[in-house]
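Trainee: Those sequence lines, one after another, are chains X and B. Residue numbering for the first sequence is 73 to 289, as defined by the working numbering. Residue numbering for the second sequence is 73 to 289, as defined by the working numbering.
Derived from the structure by calculation, the hints contain no laboratory data. Virtual Cβ for every residue (Gly too), placed ideally from N, Cα, C. Treat the hints with care, since some could be wrong.
Unchecked claim - In silico EDC-like cross-links for lysine to aspartate or glutamate, where the CA-CA straight-line distance does not exceed 20 Å:
hint	chain 1	residue 1	chain 2	residue 2
1	B	169	B	275
2	B	191	X	98
3	X	169	X	184
4	B	167	B	184
5	X	99	B	123
6	X	167	X	187
7	X	191	B	96
8	B	169	B	243
9	X	99	B	98
10	X	191	B	283
11	B	99	X	103
12	X	99	B	100
13	X	191	B	281
14	B	191	X	283
15	X	169	X	243
16	B	167	B	248
17	B	191	X	281
18	B	99	X	96
19	B	191	B	201
20	B	99	X	100
21	X	167	X	117
22	X	99	B	96
23	B	169	B	117
24	X	191	B	243
25	B	167	B	250
26	B	99	X	123
27	B	191	X	275
28	B	99	X	254
29	X	99	B	103
30	X	169	X	153
31	X	169	X	100
What the hints assert, rightly or not - Anything over 12 Å on all C-beta distances counts as not near chain B; from chain X, calculated:
hint	residue
32	116
33	117
34	207
35	223
36	246
37	249
There are 2 protein chains.
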Amino acid sequence: MTQTHDAPTTLAPEFEAEFDGHLELDKDAQDLLFRAARTANTFTDEPVTEEQVRAIYDLVKWAPTSMNIQPLRIVLVRSPEARGRLVEQMGGNNKAKTSTAPLVAILAADTDFHDELGKVFPHFEGARDIFAGNDELREGSARLNATLQLAYFILGIRAAGLAAGPMTGFDAAGIDREFFADGAHRTIAVVNVGRPGPDAWFDRLPRLDYDEVVTTV
Amino acid sequence: MTQTHDAPTTLAPEFEAEFDGHLELDKDAQDLLFRAARTANTFTDEPVTEEQVRAIYDLVKWAPTSMNIQPLRIVLVRSPEARGRLVEQMGGNNKAKTSTAPLVAILAADTDFHDELGKVFPHFEGARDIFAGNDELREGSARLNATLQLAYFILGIRAAGLAAGPMTGFDAAGIDREFFADGAHRTIAVVNVGRPGPDAWFDRLPRLDYDEVVTTV
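The shape of chain X in the complex, shown without the other chains (with noise of 0.2 Å):
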């Protein structure tokens, strides 16, 4: 079963059905970074560069935080010091992945945000204040909105024509410590990135139906 975003395969009928003309965006991108995207348990050799990782930044960048805050932090792991080290902090069958896979990124959640509160959201002087005085609203609008931007993050991987393969198992005390020295860090997930491998997926699994999540009052 492999398969690569490159050539996309023709869908399923049931993804096909789906679609029903209310959406703006367009069929092929709705498969890139959608109905076609798959998260990857396997990759190629292939490198991811570095300047694929800033065209997708410079992509997922304007996605919206709550008052622009942009907690995200990256650390791409591309040293095999460093891939050892994080290796260590994953979790059973994420330690093979984390070995293997072409480029491998720590997403964090700065919850120093609120230093750049006067650059990025220049018009509310007091607003760097609000964060400062309440440790806990930092640390939640920290993670909430570094959260958000892992979510833009994977499709913006996706948009770029690569897999991404997210992973939440792993110690994330333990990377803290090993990748963020000054404590204001909290690591949110590790992304495997590249090109999908042999075998890199299973069959895809069921989603919930529109009545099961959606309510109306």
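Add chain B to chain X, keeping to what the hints say.
Mentor: What follows is chain B alone, placed relative to chain X:
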């Protein structure tokens, strides 16, 4: 400064310059989802239909969650009575926006998502029990993954040619109490949806540079 997403305006040169050819996603889709799209603060009176919301969900449901848990639940607040109850829980400026948007949706995490695992993660029989026995894991997994799904939903609204106005300034416990009698849901965001109205947005706020966000080790 009236703009709509129906006819994206020409982008400023600084946005054009960011696009560097490393993305497979076509330019129109980049603009619709990320570069031209904006968080709207005002909306026209044009209704948002059930069919539009179904089309959005049928697209974004394919985006990934950990172990396919899909904890997001969405309440479409359509009756004047329910709208009034919601507005009471909103903070400051969000009251007026929530009062007037054509569609308002409450996005919440269902901490009882594990009851669906037999359907959505059928190949791992022990999955439900792992979560059933660990409230902290269940709460954290529900919040993190529903937040990812919130981000997918925001981009899905844009994919439908609509604007989203996500808000986190509200009494979350109050909304949980008013709208989720089971005590198992955690409100993550309230999102206004519609076509942008007059003066829908202020000048675009700056984003952090790549080198402020991404490091390599």
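Trainee: Look at each hint and say if it fits the structure.
Mentor: Here's how the hints hold up against the structure:
no.: 1; hint: B:169 - B:275; result: holds, 18 Å
no.: 2; hint: B:191 - X:98; result: violated, 31 Å
no.: 3; hint: X:169 - X:184; result: violated, 31 Å
no.: 4; hint: B:167 - B:184; result: violated, 30 Å
no.: 5; hint: X:99 - B:123; result: holds, 17 Å
no.: 6; hint: X:167 - X:187; result: violated, 35 Å
no.: 7; hint: X:191 - B:96; result: violated, 31 Å
no.: 8; hint: B:169 - B:243; result: holds, 16 Å
no.: 9; hint: X:99 - B:98; result: holds, 11 Å
no.: 10; hint: X:191 - B:283; result: holds, 15 Å
no.: 11; hint: B:99 - X:103; result: holds, 15 Å
no.: 12; hint: X:99 - B:100; result: holds, 12 Å
no.: 13; hint: X:191 - B:281; result: holds, 11 Å
no.: 14; hint: B:191 - X:283; result: holds, 15 Å
no.: 15; hint: X:169 - X:243; result: holds, 16 Å
no.: 16; hint: B:167 - B:248; result: holds, 17 Å
no.: 17; hint: B:191 - X:281; result: holds, 11 Å
no.: 18; hint: B:99 - X:96; result: holds, 13 Å
no.: 19; hint: B:191 - B:201; result: holds, 14 Å
no.: 20; hint: B:99 - X:100; result: holds, 12 Å
no.: 21; hint: X:167 - X:117; result: holds, 17 Å
no.: 22; hint: X:99 - B:96; result: holds, 13 Å
no.: 23; hint: B:169 - B:117; result: holds, 13 Å
no.: 24; hint: X:191 - B:243; result: violated, 28 Å
no.: 25; hint: B:167 - B:250; result: holds, 16 Å
no.: 26; hint: B:99 - X:123; result: holds, 18 Å
no.: 27; hint: B:191 - X:275; result: holds, 14 Å
no.: 28; hint: B:99 - X:254; result: violated, 39 Å
no.: 29; hint: X:99 - B:103; result: holds, 15 Å
no.: 30; hint: X:169 - X:153; result: holds, 16 Å
no.: 31; hint: X:169 - X:100; result: violated, 29 Å
no.: 32; hint: 116; result: holds, 16 Å
no.: 33; hint: 117; result: holds, 19 Å
no.: 34; hint: 207; result: holds, 17 Å
no.: 35; hint: 223; result: violated, 3 Å
no.: 36; hint: 246; result: holds, 15 Å
no.: 37; hint: 249; result: holds, 14 Å
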